[in-house]
Amino acid sequence: MKYVDEFRDPEKAQFLLKEIRVLVPQILKSRTGTDPVYIMEVCGGHTHAIFRYGVETMLPDGIELIHGPGCPVCVLPMGRVDDCVALAHMPGMIFTTFGDAMRVPGSKESLLQAKANGADVRMVYSPLDSLRIAKENPDRQVVFFALGFETTMPSTALTVLRAKKEGVKNFSMFCNHITIIPTIKAILDSPDLQLDGFLGPGHVSMVIGNSSYRFIAEHYKKPLVIAGFEPLDILHGLWMVLKQIAEGRTEIENQYNRVVPDGGNTVALDAIGKVFELREFFEWRGLGSIDHSGVRMTEEYADFDAERRFSVPALKIADPKSCQCGEVLKGVIKPWDCKVFGRECTPETPLGALMVSSEGACAAYYQYGDIEKIHDTRAMVKEMA
Amino acid sequence: MSSVVEMAKKNGKPRHRGKVRVSTITLAHGGGGKAMHDLIDDVFLEAFDNDGESPLEDQARLSLSDLTALGDRLAFTTDSYVVQPLDFPGGNIGKLAICGTVNDLAVGGAIPLYLSCSVIIEEGLPVETMREVARTMAATAREAGVTVVTGDTKVVERGACDKLFINTAGVGVIRAGVNLGVDQAQPGDVILVNGVLGDHGAAILNARGDMRLTTPIESDCASLHGLIDALLKAVPTTRFLRDATRGGIATVLNEIAEASQVGIEIYEDRTPIRSEVKGFCEILGLDPLYLANEGKIICVVPSEDAEAALAAMKSHPLGTEAANIGEVNDHRPGRVVMQTVFGGRRIVDMLVGEQLPRIC
Chain A
1 MKYVDEFRDP EKAQFLLKEI RVLVPQILKS RTGTDPVYIM EVCGGHTHAI FRYGVETMLP
61 DGIELIHGPG CPVCVLPMGR VDDCVALAHM PGMIFTTFGD AMRVPGSKES LLQAKANGAD
121 VRMVYSPLDS LRIAKENPDR QVVFFALGFE TTMPSTALTV LRAKKEGVKN FSMFCNHITI
181 IPTIKAILDS PDLQLDGFLG PGHVSMVIGN SSYRFIAEHY KKPLVIAGFE PLDILHGLWM
241 VLKQIAEGRT EIENQYNRVV PDGGNTVALD AIGKVFELRE FFEWRGLGSI DHSGVRMTEE
301 YADFDAERRF SVPALKIADP KSCQCGEVLK GVIKPWDCKV FGRECTPETP LGALMVSSEG
361 ACAAYYQYGD IEKIHDTRAM VKEMA
Chain B
1 MSSVVEMAKK NGKPRHRGKV RVSTITLAHG GGGKAMHDLI DDVFLEAFDN DGESPLEDQA
61 RLSLSDLTAL GDRLAFTTDS YVVQPLDFPG GNIGKLAICG TVNDLAVGGA IPLYLSCSVI
121 IEEGLPVETM REVARTMAAT AREAGVTVVT GDTKVVERGA CDKLFINTAG VGVIRAGVNL
181 GVDQAQPGDV ILVNGVLGDH GAAILNARGD MRLTTPIESD CASLHGLIDA LLKAVPTTRF
241 LRDATRGGIA TVLNEIAEAS QVGIEIYEDR TPIRSEVKGF CEILGLDPLY LANEGKIICV
301 VPSEDAEAAL AAMKSHPLGT EAANIGEVND HRPGRVVMQT VFGGRRIVDM LVGEQLPRIC
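Taken in sequence, the protein lines are chains A and B. Under the numbering used here, the first residue of the first sequence carries the number 1, and numbering increases by one thereafter. Under the numbering used here, the first residue of the second sequence carries the number 1, and numbering increases by one thereafter.
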């Protein structure tokens, strides 16, 4: 932990905060209007760390963090959860999933509820655990709920490659992997977005490298700094973004160069390239369909594609009307401005997926959030009740 | 319902050891006939009834005068233990079933005295597993100075329970003058813990085997009555004690804040957590504040008695790593806040459901 503790040093944090306190007023002074500097962290891991360490409570007025769509659990549409539940209820099925996907609400059941209602749903820590379960249960079908950005895509791809090599016949993936670049592009194309820069995702960039982000700086004229997940990484990354804004630069910079190579990870990219191909359309919770933002398995690995092996309902289920997940994801409103935040929608009874995972902006605000705001919101809710 | 001991000794028959010759428990062992008689005799009596001198009836008979000599109120508690796996580094379900109930009595300021033990066994459980659990229970009870005086055995069909469930109830006597309460925390009080947090939760998760981490994390499972006795003798003004089991210290702190209508502020850099447990939580995306403990108490004491309370705990083997982790305030009643090592602040709320590992 000594290595990690270096990235949680409060003295170094104070130094960076001092610098940030100088930069923010400088930026605000140089432009018209009263809007704060908006910086979006795309990655759910960043959102979690920001709340876990109280980073947001340390920032000065005049800078606001927007917690973007980087939690793959949160952006999963309800229809896809229903498909998971349908697969899980098939006779003889063992449905395996990462832990935090268990609570995501479908239109009727979550996977946790499906398990309580008799489905054999098992929590695993990696797709390889799922493959092991398949080998241990040759008379059952085992489906792994594959989801996540490029961070988790390589482990899924390598597991499929291994399953094929070992000739495992009763194993397949329900593929819900999504890819980051079209997502950022969709956000930037959104007309109601106010954004001055990005903290780029560290884990994703470890796989894809940093050249894929160039269009953000060149075409959209926004700075992006790839940042790690320790609190000092986040403060350092924010400082680097602010410095670019203050100096009028828009570049792609890499704060996390101890982990992220410029060219990405070629082994991981090769595996991804073999197993996956882009889907033309993929639905996102709260954001609608984003072209080429999802992947599915190539024809060569169709035997391992649960969508092709089994019949799933594949229905489109509209998000509850009262939910404003999309507006929260784009930073148009803060979680506590949502009509149902903290009332109908709580971590105990999530309506929107952003309230499910601790990487979701709403759950993070509810559990770790800005103390004054949360208190005021709850007080208000109490009064109204 | 029959007492474990009573079943075997009915009609004054002599006890025979080594009667159970099969390797697994079957429904016959819960049927009330010879197989059950043999199981109780061979497994439970051997473990619990060493002297063979206690009078055996359908119920335990406890001397009122002995009880009233120790204090002025009776404490009575029950808890069921359903842990998987049954064996884990640092203990097994039997040790847990004794320590947990002893601690539930002790945190109320009671001297733990008598326990019951009811087991629900899934058919197919190896007899040797049950024997080992019973022996551990007996040894743990002896160490804690409590006696298992009554019990019950049921065997259920495969799938009706998960290997073995144990219920223990306990009786103790609360010393005169001791009045601990969750609603008694006052602004200015300090919050103490008797050592590192989250070991039990991490050990159980690790022992489930899915992660196969080689990190040696052992459960902190222990009977805390000795430590609590030392603390209450040194600091009779102690306001509240609770063992931080399921839900971890975060849950207990929230219960105090809610019941006492006070705010609580704790400090991450003063909260003792083993580096192995921190690393384990980092990998899985869990928060050690919510991990279960089986040998840790939260104490609320007036600030002027904090040093004496810490010294009393540190003088006991189960409190050498005791720490002052925060204080009670009147800022936001019902709210627990943590000052992070990084200098930020965050809310420590009640956990919703169980902690689920994050995706990445």
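These are computed hints drawn from the structure, not numbers from a lab. Glycine included, each C-beta is placed from N, C-alpha and C at the ideal position. One or more hints might be untrue.
Claimed, not checked - Residues of chain B clear of chain A, computed beta-carbon distances all greater than 10 Å:
#1 38
#2 285
#3 357
As the list claims (entries may be wrong) - List of simulated lysine to aspartate or glutamate pairs, EDC-like, C-alpha gap at most 16 Å:
#4 A:115 to B:354
#5 B:278 to A:6
#6 A:164 to A:5
#7 A:169 to A:5
#8 A:274 to A:299
#9 B:19 to B:38
#10 B:154 to B:123
#11 A:165 to A:300
#12 B:278 to A:305
We went through each hint and held it up to the structure:
1. 38: Residue 38 of chain B is indeed farther than 10 Å from all Cβ atoms of chain A, at 36 Å.
2. 285: violated (7 Å)
3. 357: violated (4 Å)
4. A:115 to B:354: Holds: residue 115 of chain A and residue 354 of chain B sit about 15 Å apart, inside 16 Å.
5. B:278 to A:6: holds (15 Å)
6. A:164 to A:5: Given that 16 Å is the threshold and the Cα spacing comes to 42 Å, the pair is violated.
7. A:169 to A:5: violated (45 Å)
8. A:274 to A:299: holds (10 Å)
9. B:19 to B:38: holds (6 Å)
10. B:154 to B:123: holds (10 Å)
11. A:165 to A:300: holds (13 Å)
12. B:278 to A:305: violated (37 Å)
Of the numbered hints stated above, those contradicted by the structure are hints 2, 3, 6, 7 and 12, listed in ascending order.
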